[in-house]
Amino acid sequence: MQNDQFVGAWKLVSCEARSSNGEVVYLYGRDPFGILTYDSSGNMSVLLMRRDRPRFASGELLSGTPEEIKAAFEGFNAYCGTYDVNEEKRKVTHHVEGSSFPNWVGTDQVRFFEFSGDQLLLTTPPITRGGEQLTVHLMWARIRK
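The numbering used here puts the first residue of the sequence shown at 857, with every later residue one more than the last.
Quick list of simulated restraints, FRET-style, between CB atoms:
| hint | residue 1 | residue 2 | range |
| --- | --- | --- | --- |
| 1 | 983 | 954 | 17 to 23 angstroms |
| 2 | 971 | 923 | 39 to 45 angstroms |
| 3 | 972 | 891 | 17 to 23 angstroms |
| 4 | 885 | 984 | 17 to 23 angstroms |
| 5 | 887 | 970 | 21 to 27 angstroms |
None of these hints come from the bench; they were simulated from the model.
The beta carbon of each residue, even a glycine, is placed where N, CA and C say it ideally should be.
Based on the sequences and whatever the hints tell you, model everything.
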């Protein structure tokens, strides 16, 4: 099932990962960049990144040092695929077809949602990062329908 409230382009306002003890982690820095799109045919794509990722000294796409490549990868996430909405459970499921993180290809990524005017809050189920359980809260603002 699709939900017309999702359709359009969204810009990331904030991204906070919260641990069970209340600690807040900024996975993409305190000023992250992100774009999320949903279309009326059931397709979606998302890009998230740190704005402060260091540039490659060589200036060449395929010539980063191992340290530069590591920093670029760890400060970036993107995936695309299709989506469906379960209104009753207030969740949207992203069916991942392509991803910067290879392990997500072919998986379903569930996000719980809340709308407030032209803002969309997506929250992940608890995820494990470095042995710690985190819930990620992503606030998006509509930029166009």
